[in-house]
Amino acid sequence: MSEAQISKLGQKYGEMAERRLHSWQNLIKEIENLDDDEKLTRVNQFFNQMNFVDDIDHWHKKDYWASPVEFLITNGGDCEDFSIAKYYTLRQVGIPIEKLSIAYVKALRLNQAHMVLTYYATPKSTPLILDNLIPEIKPANRRPDLQHVYSFNGDNLWLSKKGRRSTLVGTSDQLKPWVQLQSRMENQDY
146 MSEAQISKLG QKYGEMAERR LHSWQNLIKE IENLDDDEKL TRVNQFFNQM NFVDDIDHWH
206 KKDYWASPVE FLITNGGDCE DFSIAKYYTL RQVGIPIEKL SIAYVKALRL NQAHMVLTYY
266 ATPKSTPLIL DNLIPEIKPA NRRPDLQHVY SFNGDNLWLS KKGRRSTLVG TSDQLKPWVQ
326 LQSRMENQDY
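So the number in the numbering used here is just where the residue sits in the sequence shown, counting from 1, plus 145.
Since the hints were derived computationally from the structure, they do not count as laboratory data. Just to be clear, a hint being listed does not mean it is correct.
[Said to hold, decoys possible] Only pairs whose alpha carbons sit at most 27 Å apart, straight line, appear in this in silico DSSO-like list of lysine-lysine:
| # | residue 1 | residue 2 |
| --- | --- | --- |
| 1 | LYS269 | LYS244 |
| 2 | LYS269 | LYS251 |
| 3 | LYS157 | LYS206 |
| 4 | LYS307 | LYS244 |
| 5 | LYS321 | LYS307 |
| 6 | LYS244 | LYS283 |
| 7 | LYS321 | LYS244 |
| 8 | LYS206 | LYS307 |
| 9 | LYS307 | LYS251 |
| 10 | LYS306 | LYS321 |
| 11 | LYS244 | LYS306 |
| 12 | LYS306 | LYS251 |
| 13 | LYS251 | LYS206 |
| 14 | LYS174 | LYS157 |
| 15 | LYS153 | LYS174 |
| 16 | LYS307 | LYS283 |
| 17 | LYS251 | LYS321 |
| 18 | LYS251 | LYS283 |
| 19 | LYS307 | LYS269 |
| 20 | LYS244 | LYS174 |
| 21 | LYS283 | LYS174 |
Based on the provided sequences and hints, a complete structural model is requested.
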């Protein structure tokens, strides 16, 4: 994001929104040459500072997947927004797409749908979970509170089994909210 784009958004959404966007851009610059573990930690910590707000209260819609910019300028969002912002930021600092998935899970303790970001160090490794509910990054096998249903990234869609991607079932463009998010991000005018 350019300084001019941040300034334009600051004029429209206020000084605090502009500060959050600057902080995000500074984070990206600071971590782009760090190792993956440090990138994961810093990005998780940064976004977990944002406020959790249900879509119906925040966007007046039952389900809305916000872009990272929308999430930051409004200083909040729900679990999808946390996961999406982390996903795009980690992609921007060089984490390969095949190492990342956004996972749709059931949060068993809350008895509700939830979304987290997963990171695979290798294709066969147990993924690490980046979550807005539990700030510590843990391997999926240490998160028995999550029942994985499916996961996706910019390319693919998988059914999940035992906390990890299992069966490739198609491409992520089968997910309407993901397609809508991609379209908005491509057409956002800063």
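Now for the hints, and whether the structure bears them out:
Distance restraint check for LYS269 and LYS244: the Cα-Cα separation of roughly 11 Å lies within the 27 Å cut-off, and the hinted pair is therefore satisfied. Restraint check for LYS269 and LYS251: the C-alpha separation of about 23 Å stays at or below 27 Å, so the hint holds. The straight-line distance between the Cα atoms of LYS157 and LYS206 is roughly 22 Å, inside the 27 Å bound, and the hint therefore holds. Between LYS307 and LYS244, the direct Cα distance comes to roughly 17 Å. Compliance with the 27 Å bound is thereby established for this hinted pair.
With a CA separation close to 25 Å, the supplied pair LYS321 and LYS307 stays within the 27 Å bound. Restraint check for LYS244 and LYS283: satisfied, since their Cα atoms lie roughly 15 Å apart, inside the 27 Å limit. With a C-alpha separation of about 23 Å, the suggested pairing of LYS321 with LYS244 holds against the 27 Å cut-off. Between LYS206 and LYS307 the CA atoms are separated by roughly 32 Å; this puts the pair beyond 27 Å, and the hint is violated.
With a CA separation close to 13 Å, the supplied pair LYS307 and LYS251 stays within the 27 Å bound. The hinted pair formed by LYS306 and LYS321 meets the criterion: a straight-line CA distance of about 23 Å does not exceed 27 Å. This hinted pair checks out: LYS244 and LYS306 have alpha carbons roughly 17 Å apart, not beyond 27 Å. The straight-line distance between the Cα atoms of LYS306 and LYS251 is roughly 13 Å, inside the 27 Å bound, and the hint therefore holds.
Distance hint between LYS251 and LYS206 is fulfilled; the C-alpha atoms sit about 21 Å from each other, no more than 27 Å. For the hint linking LYS174 to LYS157, the alpha-carbon distance of about 25 Å falls within 27 Å, and the restraint holds. Proposed proximity of LYS153 and LYS174 is supported: the alpha carbons are some 21 Å apart, at most 27 Å. Only pairs whose Cα atoms come within 27 Å are accepted, and LYS307 paired with LYS283 is accepted, the gap being roughly 15 Å.
With a C-alpha separation of about 20 Å, the suggested pair LYS251 and LYS321 falls inside the 27 Å cut-off, and the hint holds. In summary, the hint linking LYS251 to LYS283 is supported, as the alpha carbons are separated by about 17 Å, within the 27 Å threshold. A C-alpha spacing of about 13 Å is found between LYS307 and LYS269, which places the hinted pair at or below 27 Å, so the restraint holds. With a C-alpha separation of about 21 Å, the suggested pairing of LYS244 with LYS174 holds against the 27 Å cut-off.
In summary, the hint linking LYS283 to LYS174 is supported, as the alpha carbons are separated by about 25 Å, within the 27 Å threshold.
Against the hints set out earlier in the document, a violation occurs for number 8 only.
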